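Residue numbers (this note's numbering), protein chains in the order written: chain A, 10 to 487; chain B, 471 to 717.
Hints may be right or wrong, so weigh each one.
[Claimed, not checked] Simulated DEER-style distance windows between Cβ atoms: (1) P505/B x S433/A: 25 to 31 Å; (2) K51/A x S608/B: 21 to 27 Å; (3) A427/A x Y523/B: 32 to 38 Å; (4) K77/A x S586/B: 28 to 34 Å; (5) H409/A x L590/B: 39 to 45 Å; (6) N390/A x G614/B: 30 to 36 Å; (7) S586/B x N390/A: 42 to 48 Å; (8) K283/A x K582/B: 33 to 39 Å; (9) S586/B x K431/A: 30 to 36 Å; (10) K283/A x L590/B: 55 to 61 Å.
Please keep in mind that the hints were generated in silico from the structure rather than gathered at the bench. Since the model is a prediction, treat every value here as computed from it, not as a measurement. We treat Cβ as the ideally placed atom computed from N, Cα and C, and that holds for glycine.
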Amino acid sequence: MKQQELEKNKEYKYGFTTEIESIRAPKGLNEEVIKFISKIKKEPDWMLAWRLKAFTRLKSLKEPNWQKPKYPKINYQDLYYYSAPKSASDKPKSLSEVDPKLIETYKKLGIPLQEQKRLSGIAVDAVFDSVSVATTFKEELTKKGIIFCPISEAIRNHPDLVKKYLGSVIPITDHYFATLNSAVFTDGSFVYIPEGVRCPMELSTYFRINASETGQFERTLIIADKGSYVSYLEGCTAPMRDENQLHAANVELVALDDAEIKYSTVQNWYPGDKDGKGGIYNFVTKRGACRGKNSKISWTQVETGSAITWKYPSCILQGDNSVGEFYSIAITNNHQKADTGTKMIHLGKNTKSKIISKGISAGFADNTYRGLVKINSKANNARNYTQCDSLLMGNKCGAHTIPYIENKNSTSSIEHEATTSKISEEQLFYCNQRGLNQEEAVSLIVNGFCKEVLQQLPMEFAVEAQKLVGISLEGSVG
Amino acid sequence: MLDIKELSASIEGKKILKSFNLKIKAGEVHAIMGPNGSGKSTLANILSGRKGYEIEGAISYEGKDLLKIPIEERAQKGIFLAFQYPTEIPGVNTNNFLKTSLNAIRKFRGLKELDSLEFLKLVKEKSKNLKIEEKILSRQLNVGFSGGEKKKNEILQMTILEPKLAILDETDSGLDIDALRIVSDGVNSLRNKNRSFLIITHYQRLLDYIKPDFVHVLVNGKIVKTGHSELAQELEKDGYEGVATAR
Numbered sequence: 010m011k012q013q014e015l016e017k018n019k020e021y022k023y024g025f026t027t028e029i030e031s032i033r034a035p036k037g038l039n040e041e042v043i044k045f046i047s048k049i050k051k052e053p054d055w056m057l058a059w060r061l062k063a064f065t066r067l068k069s070l071k072e073p074n075w076q077k078p079k080y081p082k083i084n085y086q087d088l089y090y091y092s093a094p095k096s097a098s099d100k101p102k103s104l105s106e107v108d109p110k111l112i113e114t115y116k117k118l119g120i121p122l123q124e125q126k127r128l129s130g131i132a133v134d135a136v137f138d139s140v141s142v143a144t145t146f147k148e149e150l151t152k153k154g155i156i157f158c159p160i161s162e163a164i165r166n167h168p169d170l171v172k173k174y175l176g177s178v179i180p181i182t183d184h185y186f187a188t189l190n191s192a193v194f195t196d197g198s199f200v201y202i203p204e205g206v207r208c209p210m211e212l213s214t215y216f217r218i219n220a221s222e223t224g225q226f227e228r229t230l231i232i233a234d235k236g237s238y239v240s241y242l243e244g245c246t247a248p249m250r251d252e253n254q255l256h257a258a259n260v261e262l263v264a265l266d267d268a269e270i271k272y273s274t275v276q277n278w279y280p281g282d283k284d285g286k287g288g289i290y291n292f293v294t295k296r297g298a299c300r301g302k303n304s305k306i307s308w309t310q311v312e313t314g315s316a317i318t319w320k321y322p323s324c325i326l327q328g329d330n331s332v333g334e335f336y337s338i339a340i341t342n343n344h345q346k347a348d349t350g351t352k353m354i355h356l357g358k359n360t361k362s363k364i365i366s367k368g369i370s371a372g373f374a375d376n377t378y379r380g381l382v383k384i385n386s387k388a389n390n391a392r393n394y395t396q397c398d399s400l401l402m403g404n405k406c407g408a409h410t411i412p413y414i415e416n417k418n419s420t421s422s423i424e425h426e427a428t429t430s431k432i433s434e435e436q437l438f439y440c441n442q443r444g445l446n447q448e449e450a451v452s453l454i455v456n457g458f459c460k461e462v463l464q465q466l467p468m469e470f471a472v473e474a475q476k477l478v479g480i481s482l483e484g485s486v487g
Numbered sequence: 471m472l473d474i475k476e477l478s479a480s481i482e483g484k485k486i487l488k489s490f491n492l493k494i495k496a497g498e499v500h501a502i503m504g505p506n507g508s509g510k511s512t513l514a515n516i517l518s519g520r521k522g523y524e525i526e527g528a529i530s531y532e533g534k535d536l537l538k539i540p541i542e543e544r545a546q547k548g549i550f551l552a553f554q555y556p557t558e559i560p561g562v563n564t565n566n567f568l569k570t571s572l573n574a575i576r577k578f579r580g581l582k583e584l585d586s587l588e589f590l591k592l593v594k595e596k597s598k599n600l601k602i603e604e605k606i607l608s609r610q611l612n613v614g615f616s617g618g619e620k621k622k623n624e625i626l627q628m629t630i631l632e633p634k635l636a637i638l639d640e641t642d643s644g645l646d647i648d649a650l651r652i653v654s655d656g657v658n659s660l661r662n663k664n665r666s667f668l669i670i671t672h673y674q675r676l677l678d679y680i681k682p683d684f685v686h687v688l689v690n691g692k693i694v695k696t697g698h699s700e701l702a703q704e705l706e707k708d709g710y711e712g713v714a715t716a717r
């Protein structure tokens, strides 16, 4: 490797590409490509029809433009919509059959695909470039009746569940990027937890963008049946690349009576270089429906990557006494931009929501919290608590807090607190005087600032996330 | 160990230290006394590396040019400052901070980093010796601490980090008699032939508990008198002005 490339790799820890021959759909967005995707996935006709319906709808939609971060016009005809590692058409039956290059990539990413996994109690459905390659722990989960598989598999094997719930939280008519995803999604995870079952382990998927110029359109659907519980982890890294890449995933969660879903994300995609060149566009739609009474959905996200992060993991609190939570850390450095937050839609009685958002902005970055708390007329005694804290580093970055509140019920209570602060010279000096260098000091102070959110992450993830917080801000204080 | 020669320092054009000279040998305890605004804290700041001063003169620490050493490296090389006003760092657990700090310093010194269990054992022992309640260690660093708790926490950090040169910047101010005793016990228990102290104080009171080898009187950025521990009593009697004029 040339010296220059080595230097580059040092800047982005996960910047490497695996050389695996890819099968690709031809460039462009049209019915033929959608049929190609559907065919290669061996989908039933109803699925193709659903996709084409979404595509028809898409043609009448325009990209939204109300967000703060603007981006150059995307030429949707110039993207590849399907790309898969070649070896995947010949699906491996066990780990030993998995392409060793893939395994190597996972190792670099620190994904514990072998025995360590059993020890750490994580089942990984690893998505490598749109196709799930290896699913583990299946047996243990199957015993409990839990379904955890690639969504393409669920479409073939569990059509009733998929038909009933797919698009029931994010309809194909929703908005441009969500509809685009419905038309061309390639793969993702499917989880079903049967009535009364507590999922015995954290379910985890690592997403990774690999083949050049491939937009990623993941689709995830998680259903927690009555009285069940599941904790799901999503984490991602991407190899370094120059041209921008679009990522428009859809994640739908459905919690029925007394069920609870905990969804945690650590997002660390390529943010672009120091001058803002390259990086991923992360335009994701995540929405959960607390459909049953006493149900609960909790989103936790640590967003450190991407050139632009644009997402609002939301909760529709339909069932009486249901609870929605949103814990977020968004870190932007250099020229990164984030416009993120949540929507809490209170429909049922005695519904509760809690929003804790920590935004950290450094370099030339711009960080916006945008959130909606909506209390419907029938949501008697609904309660919301919102806390938005922003931390600024340096004097060239920005932090914005845009809370929307719509209240149609006088018995509700809504609280909003917001702070903006800077890391003080005093704090840095104190840490330096105790032997910590500038980067260690920043990492320590910022981790303290984010503590309430980091505490929400499952143990295995929390450690990784803490490190990530430090790494993301390296070089931000001169 | 420490040799300060003709040190002048100013901040925003205002001269604070003027041709200041001081030599501290290994194992010695020096006290610097002086009225408000005489430059005591400036001296502590410059030795620990705080930015914002224009400095002339030379400071050598263990034979090296101290002014060229970055702040954290000074700490790693054994310079410890007990802050006059310890900073609050919200969200950071006191124990965790102390462990991170200790391991950074141990790493620099080529010692094995302590794991959580080993560290907790050490902290338990040290805080017990100093009669510091352990519960403050599980709180956020200095957040909501009383003045006394903050100062005791500084002394606990000092005993754990085992510095070579400890600078105490008015650690005694605002302390009640019990806390004062804890602070003094901390210092006295650490005194040995290799470790030096620079104790900055307003009052002679602290020096009843810690017997210094030398007492310096700092007025207007200059040492106007140097003596042994009796000088502190003289000061208490005659005031800074009396001592400064009666040369």
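Hint-by-hint comparison with the structure:
no.: 1; hint: P505/B x S433/A: 25 to 31 Å; in the structure: holds (29 Å)
no.: 2; hint: K51/A x S608/B: 21 to 27 Å; in the structure: violated (56 Å)
no.: 3; hint: A427/A x Y523/B: 32 to 38 Å; in the structure: holds (37 Å)
no.: 4; hint: K77/A x S586/B: 28 to 34 Å; in the structure: violated (42 Å)
no.: 5; hint: H409/A x L590/B: 39 to 45 Å; in the structure: holds (42 Å)
no.: 6; hint: N390/A x G614/B: 30 to 36 Å; in the structure: holds (33 Å)
no.: 7; hint: S586/B x N390/A: 42 to 48 Å; in the structure: holds (44 Å)
no.: 8; hint: K283/A x K582/B: 33 to 39 Å; in the structure: holds (37 Å)
no.: 9; hint: S586/B x K431/A: 30 to 36 Å; in the structure: holds (31 Å)
no.: 10; hint: K283/A x L590/B: 55 to 61 Å; in the structure: violated (41 Å)
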